[in-house]
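Same order as they appear, the protein sequences are chains A and B. Sequential numbering from 46 applies to the first sequence in the numbering used here. Sequential numbering from 46 applies to the second sequence in the numbering used here.
Watch out, some of these pointers could steer you wrong.
To be verified - Cβ-Cβ distance ranges computed for the label pairs, FRET-style:
# : chain 1 : residue 1 : chain 2 : residue 2 : range
1 : A       : Gly381    : B       : Arg505    : 39 to 47 Å
2 : A       : Ala293    : B       : Ala383    : 50 to 58 Å
3 : A       : Ala293    : B       : Asp283    : 47 to 55 Å
As the list claims (entries may be wrong) - So the derived list for chain B, only partly shown, Cβ under 7 Å to chain A, looks like this:
#  : residue
4  : Gly166
5  : Asp171
6  : Ile178
7  : Arg190
8  : Asp192
9  : Asn226
10 : His230
11 : Leu259
12 : Tyr352
13 : Gly372
14 : Arg374
15 : Leu401
16 : Glu427
17 : Phe429
As the list claims (entries may be wrong) - If you want the ones that stay clear, here's a sample from chain B, every Cβ over 12 Å from chain A, calculated:
#  : residue
18 : Thr55
19 : Gln65
20 : Ala71
21 : Ala125
22 : Thr191
23 : Ser233
24 : Arg261
25 : Ile375
26 : Ile406
27 : Arg420
28 : Gln439
29 : Pro441
30 : Gly474
31 : Ala506
32 : Thr513
It is worth saying that the hints were derived from the structure and are not from the lab. We treat Cβ as the ideally placed atom computed from N, Cα and C, and that holds for glycine.
Number of protein chains: 2
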Amino acid sequence: MVSSVRPSATALAQMIGGWQGRPGPAYRGLAAAIRQSVLDGRLAIGARLPAERELSRALGVSRTTVAGAYSALRDDGWLASRRGSGSVVTAGSGSFYDSGLVPVRRPADPEADIIDLTTAGRAAPDDLLDAAIDRAVDRMRGLYRTDGYFPLGVPELREAIAARYVAAGVETSADQILVTNGAQHGFSLALGDLTHALDRVIVESPTYPMALDLIRHTGRVPSPVGLLPDNDQPWMHDLLRSAFRQSAASTAFLMPDFQNPTGALMDAETRALVMQLSEESGTVVMVDESFRLMALEERTLPPPMSYFDARNSGVSIGSLSKPVWGGLRIGWVRAGSAVVGRLGVARALGDMSGPLLDQLIAVEMMPDLDAAARRQAARMRENFDVLRAALAQQAPSWEVIRPAGGATVWVRLPQAVATDAARLAPRHGVLIVPGTRFGPDGTMDNYLRIPLTPQTERLRAAIPRIVTAVQAAEATDVPARVAGWLT
Amino acid sequence: MVSSVRPSATALAQMIGGWQGRPGPAYRGLAAAIRQSVLDGRLAIGARLPAERELSRALGVSRTTVAGAYSALRDDGWLASRRGSGSVVTAGSGSFYDSGLVPVRRPADPEADIIDLTTAGRAAPDDLLDAAIDRAVDRMRGLYRTDGYFPLGVPELREAIAARYVAAGVETSADQILVTNGAQHGFSLALGDLTHALDRVIVESPTYPMALDLIRHTGRVPSPVGLLPDNDQPWMHDLLRSAFRQSAASTAFLMPDFQNPTGALMDAETRALVMQLSEESGTVVMVDESFRLMALEERTLPPPMSYFDARNSGVSIGSLSKPVWGGLRIGWVRAGSAVVGRLGVARALGDMSGPLLDQLIAVEMMPDLDAAARRQAARMRENFDVLRAALAQQAPSWEVIRPAGGATVWVRLPQAVATDAARLAPRHGVLIVPGTRFGPDGTMDNYLRIPLTPQTERLRAAIPRIVTAVQAAEATDVPARVAGWLT
Numbered sequence: 046m047v048s049s050v051r052p053s054a055t056a057l058a059q060m061i062g063g064w065q066g067r068p069g070p071a072y073r074g075l076a077a078a079i080r081q082s083v084l085d086g087r088l089a090i091g092a093r094l095p096a097e098r099e100l101s102r103a104l105g106v107s108r109t110t111v112a113g114a115y116s117a118l119r120d121d122g123w124l125a126s127r128r129g130s131g132s133v134v135t136a137g138s139g140s141f142y143d144s145g146l147v148p149v150r151r152p153a154d155p156e157a158d159i160i161d162l163t164t165a166g167r168a169a170p171d172d173l174l175d176a177a178i179d180r181a182v183d184r185m186r187g188l189y190r191t192d193g194y195f196p197l198g199v200p201e202l203r204e205a206i207a208a209r210y211v212a213a214g215v216e217t218s219a220d221q222i223l224v225t226n227g228a229q230h231g232f233s234l235a236l237g238d239l240t241h242a243l244d245r246v247i248v249e250s251p252t253y254p255m256a257l258d259l260i261r262h263t264g265r266v267p268s269p270v271g272l273l274p275d276n277d278q279p280w281m282h283d284l285l286r287s288a289f290r291q292s293a294a295s296t297a298f299l300m301p302d303f304q305n306p307t308g309a310l311m312d313a314e315t316r317a318l319v320m321q322l323s324e325e326s327g328t329v330v331m332v333d334e335s336f337r338l339m340a341l342e343e344r345t346l347p348p349p350m351s352y353f354d355a356r357n358s359g360v361s362i363g364s365l366s367k368p369v370w371g372g373l374r375i376g377w378v379r380a381g382s383a384v385v386g387r388l389g390v391a392r393a394l395g396d397m398s399g400p401l402l403d404q405l406i407a408v409e410m411m412p413d414l415d416a417a418a419r420r421q422a423a424r425m426r427e428n429f430d431v432l433r434a435a436l437a438q439q440a441p442s443w444e445v446i447r448p449a450g451g452a453t454v455w456v457r458l459p460q461a462v463a464t465d466a467a468r469l470a471p472r473h474g475v476l477i478v479p480g481t482r483f484g485p486d487g488t489m490d491n492y493l494r495i496p497l498t499p500q501t502e503r504l505r506a507a508i509p510r511i512v513t514a515v516q517a518a519e520a521t522d523v524p525a526r527v528a529g530w531l532t
Numbered sequence: 046m047v048s049s050v051r052p053s054a055t056a057l058a059q060m061i062g063g064w065q066g067r068p069g070p071a072y073r074g075l076a077a078a079i080r081q082s083v084l085d086g087r088l089a090i091g092a093r094l095p096a097e098r099e100l101s102r103a104l105g106v107s108r109t110t111v112a113g114a115y116s117a118l119r120d121d122g123w124l125a126s127r128r129g130s131g132s133v134v135t136a137g138s139g140s141f142y143d144s145g146l147v148p149v150r151r152p153a154d155p156e157a158d159i160i161d162l163t164t165a166g167r168a169a170p171d172d173l174l175d176a177a178i179d180r181a182v183d184r185m186r187g188l189y190r191t192d193g194y195f196p197l198g199v200p201e202l203r204e205a206i207a208a209r210y211v212a213a214g215v216e217t218s219a220d221q222i223l224v225t226n227g228a229q230h231g232f233s234l235a236l237g238d239l240t241h242a243l244d245r246v247i248v249e250s251p252t253y254p255m256a257l258d259l260i261r262h263t264g265r266v267p268s269p270v271g272l273l274p275d276n277d278q279p280w281m282h283d284l285l286r287s288a289f290r291q292s293a294a295s296t297a298f299l300m301p302d303f304q305n306p307t308g309a310l311m312d313a314e315t316r317a318l319v320m321q322l323s324e325e326s327g328t329v330v331m332v333d334e335s336f337r338l339m340a341l342e343e344r345t346l347p348p349p350m351s352y353f354d355a356r357n358s359g360v361s362i363g364s365l366s367k368p369v370w371g372g373l374r375i376g377w378v379r380a381g382s383a384v385v386g387r388l389g390v391a392r393a394l395g396d397m398s399g400p401l402l403d404q405l406i407a408v409e410m411m412p413d414l415d416a417a418a419r420r421q422a423a424r425m426r427e428n429f430d431v432l433r434a435a436l437a438q439q440a441p442s443w444e445v446i447r448p449a450g451g452a453t454v455w456v457r458l459p460q461a462v463a464t465d466a467a468r469l470a471p472r473h474g475v476l477i478v479p480g481t482r483f484g485p486d487g488t489m490d491n492y493l494r495i496p497l498t499p500q501t502e503r504l505r506a507a508i509p510r511i512v513t514a515v516q517a518a519e520a521t522d523v524p525a526r527v528a529g530w531l532t
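Isolated chain A, as found in the complex:
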């Protein structure tokens, strides 16, 4: 696969910065740095590398060094030369392409002491939820005489969601809101409406595995844009430009606040750029804002993506699963009213209408939403501090990337053994997800995603188990590069 991503020499130099400290000949060091960028997902499979002369100029090294590095990468199966395409990144000989199956979990064995860190779902905020349920049941009694169907959502909830966008500075009417059964439902409806089979969908790499799975399951093709592994400014403008201009993708799926799994926050300038690129290219931008209320520290956020979308061309997806609870199936889509009408037809054809009681509970929760989210964010912060301190002590060579928000931490391992570690983890009493699940190309085997949602004591207990699993993987020669890492 030749993707349209074509990093400039400057962008590639930025991606692999720091490679010159490596031991051995320069060309080998450069090759290792480029391979590492592929493995951790910054550099997409299919990306075209800059010409040797340009890269040598950008790096300030001899052209012989670059030629030697490209040649070594070619020998090891990491680069292919294609007529008219130059040097194209390939998967390497050992790459693992995940089967794409959703981990529909077996009910946990209560006898086994296994801590499940495969999802970032949270526990419910008991007191807030209890009070909302009582009021919602009263409200629902007033609707017993109706047939209970509201395919677009209960009007009060659509109004309340629209009002939140208005409060964030984005003009929004209730007919621009479709209430869904959570964020995944909104993404599924939008993807079905805005794309066809074989369309390319620009995604961040790493990105949310269930989004990737859905893109593949429906015959769409993910077109990855690598993120830098630091949360200062991980979206590289250069890569975004080339992705929107050259991929002919019908849509893009991005998580500006906050990115899953990295927890990064997209700055206002990048948001404006994305919407400008969308307007130029016609690529429709879908953003998942499920984590928007979950800043790790209290801060002023950039306006939501829809603020930069004067034409109302894009789709914004939200959810109560993160600030409240996944047991409530409440999410929404904000879009132009014509798109919302079309999505409403698709939703009615798919499952008629959403759960009425959940919607009424959501109506009751809306005034408490910020408070519920702040409480949850405080717990994330506490858990992050616990995780960072424990890993600093138990696994000092791991790089813990501080999330700006969200519910997960993206941890970089010194070796690409995450798939092996995940396979071995159950023996050590923990279930973890390897970085490969988050990359469309099966790369990023040197990353783990660790959720911040467990009870603090559970998380604390899990950490030595994770460390042991990774050490066991490092010590084994047998690769676990087979499907079914969860078994």
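For this one, chain A is given, so just place chain B on it according to the hints.
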């Protein structure tokens, strides 16, 4: 479109029985009877008529009469001669092909006195629901510490649903049950899993409009099998045989108990035939059993379709929307466990998990399900008696087909004016659905579906309005054969 339906001469003679009483020349009477069979959906667009000689023999009329009738039908656009296909039924010059849009209803104008009879949704059984909610909320508190996700359904509910099949004589384990957000959700998942775009799906004609809409929306092609307009034995074995043997349909969607809109009940012999045809042809049978508990009179039902499906090859779809309430989004699919696993992956990719509180309410409602259904059935019976008596008096020429069960009545009008009547109905204070919505070919314009779910007084008040709308349609020369009959 040439469908593969090819009624035998005997079957066609049965369909048009009683035509010989018509005034005028015999060939005209025969042509009118055949045209009527097309208009009311018994004879599908695309069906191939028997050769003239065979039909003349089956009817006991001269071959000249049959030739004259075919010729008249050809002149009026109801038949086309296709090389190699013989005489194929076409749509006639005035046929209306519905736009296929789901009627996503606008919120009713509380100022306007308009009775909405477009859906057969019911009001909630207050007392039973209230008690179940209280217990379910307690149950849910026990799950607050989990993330709330059960993609396949809450285990207790899967067990309880499986137990109902076992009680009906069908061996079923909980891993053969997927809990869905209602019957439409189950159908949508099964259709997505078992069919591809451009596949044919055998449907009854008339059938449920949202099923037709979904089949079309997803690029599948409905392949209709006409039902006889009486509820004694409306499924013609001859037509079923030719549909399964000759259509190359990947799937069939049937409603054996009870059929929507006709309210017919499929007998055990026909069920056995359907599953035998499924085994022979490889066409997978999907049945919607949502109305199974809603027999108009208490009676012993034939075993459910799955009883005749020893190979567990088919899919059975159920729902609490009819016996309980559509405001609860609870339905299910029963299938082989491998199919359930695949549907579970698709459901997780589509919306992650169903509403937890609704599922727990359903767990609590299960022991009361038969009682709730009996109560609702008694109301249907009462409403049917009201409807039949009122129409006998106000519109004696209408034929009210007694449903064996379900929530709707299929009413045959003397003229094909249902689309016009539905367009005029709001002016007369009522919303109705014309028969054309229930036929894949836009035929059946001489039928209306009237729901039995409204409050009895509302239904009583609606009847003269419907009659007036139909009379107004009969009196007008302007056809309403344009899209958007609901405006």
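Tested hints:
Taking 39 to 47 Å as the suggested C-beta distance range, the pair Gly381(A) and Arg505(B) conforms, at roughly 43 Å. Look at Ala293(A) against Ala383(B): about 38 Å separates their beta carbons, and that is not inside 50 to 58 Å. The beta-carbon spacing between Ala293(A) and Asp283(B), approximately 52 Å, falls within the hinted interval of 47 to 55 Å. Here the hint on Gly166(B) is kept, as its CB sits about 2 Å from the closest CB of chain A, short of 7 Å.
Because the closest C-beta pair between Asp171(B) and chain A is about 5 Å apart, less than 7 Å, the hint holds. A least Cβ separation of about 6 Å between Ile178(B) and chain A falls short of the 7 Å threshold, and the interface hint therefore holds. Hint on Arg190(B) holds. Least Cβ distance to chain A is approximately 5 Å, under the 7 Å limit. Taking 7 Å as the C-beta cut-off, the interface hint given for Asp192(B) holds, the closest approach to chain A being about 3 Å.
Residue-level restraint check for Asn226(B) holds (minimum Cβ-Cβ distance to chain A is 4 Å; threshold 7 Å). Annotation: His230(B) was flagged as interfacial toward chain A, and the flag holds, the nearest CB pair being 4 Å apart, inside 7 Å. This hint holds: Leu259(B) has a C-beta 5 Å from the nearest C-beta of chain A, less than the 7 Å allowed. Interface restraint check for Tyr352(B): the shortest CB-CB distance to chain A comes to about 27 Å, outside 7 Å, so the restraint is violated.
For Gly372(B), the suggested interface contact is upheld, since its CB lies about 2 Å from the closest CB of chain A, less than 7 Å. For Arg374(B), the interface hint holds, the least distance from its beta-carbon to any beta-carbon of chain A being 5 Å, beneath 7 Å. With 7 Å as the threshold, the beta carbon of Leu401(B) comes within range of chain A, its nearest partner Cβ sitting at about 4 Å, so the hint holds. Because the beta carbon of Glu427(B) sits about 18 Å from the nearest beta carbon in chain A, more than 7 Å, this interface hint is broken.
A distance limit of 7 Å between C-beta atoms decides the matter here; for Phe429(B) the minimum to chain A is near 19 Å, and the interface restraint is violated. The beta carbon of Thr55(B) sits about 38 Å from the closest Cβ of chain A, which is more than 12 Å, so the claim that it is off the interface holds. With a least beta-carbon separation of about 44 Å from chain A, Gln65(B) lies farther than 12 Å from that chain, consistent with its non-interface assignment. Distance to chain A confirms Ala71(B) as a non-interface residue, since its nearest Cβ pair spans about 46 Å, more than 12 Å.
Listed as outside the interface, Ala125(B) is consistent with that label: its C-beta sits roughly 32 Å from the nearest C-beta of chain A, beyond the 12 Å cut-off. Residue placement check: Thr191(B) does not keep its beta carbon more than 12 Å from all beta carbons of chain A (closest about 7 Å). Not every CB of chain A lies more than 12 Å from the CB of Ser233(B), the least distance being 5 Å, so the non-interface label is violated. The beta carbon of Arg261(B) is not kept farther than 12 Å from every beta carbon of chain A, the shortest such distance being approximately 9 Å.
At roughly 9 Å, the least C-beta separation between Ile375(B) and chain A is not larger than 12 Å, which violates its mark as non-interface. Interface exclusion of Ile406(B) from chain A breaks down, the closest Cβ pair being 8 Å apart, not more than 12 Å. At roughly 14 Å from the closest C-beta of chain A, the C-beta of Arg420(B) stays outside 12 Å, upholding its exclusion from the interface. Separation of Gln439(B) from chain A is adequate, the least Cβ-Cβ distance of about 26 Å exceeding the 12 Å criterion.
Here Pro441(B) stays apart from chain A, with its beta-carbon at least about 31 Å from theirs, past the 12 Å limit. The beta carbon of Gly474(B) is kept farther than 12 Å from every beta carbon of chain A, the shortest such distance being approximately 19 Å. For Ala506(B), the non-interface assignment is confirmed: its Cβ lies about 16 Å from the closest Cβ of chain A, beyond the 12 Å cut-off. Chain A leaves Thr513(B) outside its interface by the beta-carbon criterion, the shortest separation being 25 Å against a cut-off of 12 Å.
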